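Sequence order for the protein chains is H and L.
Add 790 to a position in the first sequence, counting from 1, and you land on the number used in my numbering.
Add 84 to a position in the second sequence, counting from 1, and you land on the number used in my numbering.
These aren't lab readings, by the way, just hints derived from the structure by calculation.
For clarity, every value in this text was computed on a predicted model and none was experimentally measured.
Check the hints yourself; a few may be wrong.
As the list claims (entries may be wrong) - Computed footprint of chain L on chain H; a stretch qualifies when at least three of its residues, placed anywhere within it, have a C-beta under 8 Å from a C-beta of chain L:
| id | region |
| --- | --- |
| 1 | 806-820 |
| 2 | 829-843 |
| 3 | 856-866 |
To be verified - Counterexamples of contact, computed for chain L against chain H with all Cβ distances above 12 Å:
| id | residue |
| --- | --- |
| 4 | T86 |
| 5 | Q92 |
| 6 | W104 |
| 7 | A116 |
| 8 | A117 |
| 9 | S136 |
| 10 | Q155 |
| 11 | R162 |
| 12 | L176 |
| 13 | A179 |
| 14 | L182 |
| 15 | A193 |
| 16 | S210 |
| 17 | M211 |
The C-beta atom is built at its ideal place from N, Cα and C for all residues, glycine as well.
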Amino acid sequence: MAAVSARQHHAFRILMGRHMQRAIRVAQRIVRDPGEADDIGQEAFLRVWSHAASFDPDIARFTTWLYRIVLNLAFDRKPRRPLVPIDEAAGVRSDDPEPVERVIADEQRRILEQALAGLSERQRGAIALFHMEGLSGVDAAQAMNLSVKAFESLLGRARAALKENVQKIQDTGRCA
Amino acid sequence: MTLEQFRQLAETWGGDIDRWPAASQDAARDMAAGERAGRILDEQLRLDRLFSLAPKVDEGRAGRAGFAVLQRMADVDRKPRWFRSVLRPSSLLPASSLVCSALVGLWLAGALPYRHGPADALSVVSMVFDSSIIFAGGLQ
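The following block holds chain L by itself, in its conformation from the complex (with noise of 0.2 Å):
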């Protein structure tokens, strides 16, 4: 290991040869005997010192992050899942009538018979005769 490929691995991982890639510990650990080397890990543990602070954030802090959190879960369980309205017994009401309604239709149509009427012209004739007299004297 070169005094420039042991810079750039402090500079990289900082002044803890502990921490750097385990394939390159040992021969750093014999470079960090001599004085540049030596005086390159300090200058990076300087910084690893500085880099290292943490915001401080408390417990009390977060203990109502966790309080909101457990507000939040409790809210989602309050909240009825759209399936669970939809199945009330006040919703399902319409829905039940218009499926009552198609069955009965289907029904009705498979129960009554279907039959197309004559399409002569006497037909036609008596047709215009029935209709005029339902329009003329109405409904007998």
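For reference, chain H alone in the conformation it holds in the complex (with noise of 0.2 Å):
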């Protein structure tokens, strides 16, 4: 990061071949939509370049410090076209190679997706941050740009509304 800020383009390379991925996922978590997703990934990456000697190592990782750039990103974009319909959005390919393995996953992914669409950004940032990427309560509350406190509260009312989708979802196919 200290090459980054020192305008150097091909540490910026480095750095995006080892994060991109992570930006792009969190963001599609949130958004639910590959193509914002995908353009917020070169937003976060954009400002991490221009904003690059504005990043304090002993404040926070960088992981951090991209979480809290995509989380902004996500949250203030407005969305410039519908959403997919959650049952394309959830047809992601897996790479497991036993076919029963795939379709279970797959249908689990296709769950999760419908049961994620009534829950808030926020919320979808939470469990993004706490399950997905496996973050600590306290990085992902820092990432959030919240007290420990409120990141519980906002985890656990995420949780509970994200366990009773899936609930309906698996008694009537639906969410709603």
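Since each chain sits alone in its own frame, please combine them into the complex, following the hints.
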């Protein structure tokens, strides 16, 4: 990151290679649109490049800083086009070698995508950081610019809503 | 720690006690040995596995996004800044002409004497006379 602050393009390319997937993944979990997620990932790294000098490793890790940029972009954006239908959005290929496991994993992803649609963007962000990215409560709270107590409350509500939505989908095939 | 507190923590932080707030972990581990607490953890762990499923973002897609970033950075570098276009020699010609004209005007204003003409009646008559000559016979 110090090399990026020194405007070294090569270091910036390496940084993007390491973290672009992460940025797009989190953005997609929140905005639920692959195209918008790609745009957010790009915009996030343009901001990393232009604001590299303001990054302070004593205050936060780079990933926490990146998550915060991605979350801000995802929360502040205005959707440009209607979201793709949930069934299409959930139709994600898996690399699992076993066909049965792949079918189960795809089905679980479809249920999760549908269930997440009923959550607010901030709740989806909390789920993405804590469960998908595996951040600790403290790091996730820092990335979301919240106190740990506020993050705990947000995560608890997100998990409760998600559990309820999953249950509804498994029982009836639909969320609402 | 009561079982209800244990349940609330598990429903908030999931089935992995290592990820709970540090202050509650020891008491929670003691309680997790019990059958009911164990069932709570198992249920939350099942949800954790579901919640941690991530959308697939392959390397090719991320690479294309990274390439797009580099292209946008190159576009910004190529595009001349507004002050650079203003400071081109061709753009400076009209501005410098205006500045020179203003400077000459200022210099003349300072160098030439400025005097009010006399405002008496004779001067007014003289002025009218002069102007009638100009309009009647033209400048001589």
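- Query: Hey, does A179/L actually stay past 12 Å from chain H on C-beta?
  - Reply: 31 Å, holds
- Are all C-beta atoms of chain H more than 12 Å from that of A117/L? 24 Å, holds
- Task: Quick one: work out the minimum CB distance from L182/L to chain H and report holds if it exceeds 12 Å, violated otherwise.
- Result: L182/L is indeed farther than 12 Å from all Cβ atoms of chain H, at 36 Å.
- Any Cβ of chain H at or closer than 12 Å to Q155/L, or is the non-interface label fine? Non-interface label on Q155/L violated, nearest chain H Cβ at 10 Å vs cutoff 12 Å.
- Test the statement that L176/L is away from the interface with chain H: the closest C-beta pair must be farther apart than 12 Å. 30 Å, holds
- Whether chain L covers the region 856-866 of chain H (at least 3 residues having a Cβ closer than 8 Å to its Cβ atoms): violated (count 0)
- Taking the minimum C-beta separation from S136/L to chain H, is that value above 12 Å? Violated: least Cβ distance 4 Å, not greater than 12 Å.
- Is the nearest CB of chain H more than 12 Å from the CB of Q92/L? Per Cβ check, Q92/L is inside 12 Å of chain H; nearest 8 Å; violated.
- Closest CB of chain H to the CB of T86/L still more than 12 Å away: 17 Å, holds
- Item | No chain H beta carbon within 12 Å of S210/L's | 74 Å, holds
- Query: Per the stated criterion, does the least C-beta distance between A116/L and chain H lie above 12 Å, as a non-interface residue requires?
  - Reply: A116/L clear of chain H: closest Cβ-Cβ about 19 Å, beyond 12 Å.
- Query: Are at least 3 residues of the region 806-820 of chain H within less than 8 Å of chain L when you compare beta carbons?
  - Reply: Contact hint for the region 806-820 of chain H vs chain L: holds, 8 residues under 8 Å.
The structure shown violates the earlier hints numbered 3, 5, 6, 9, 10.
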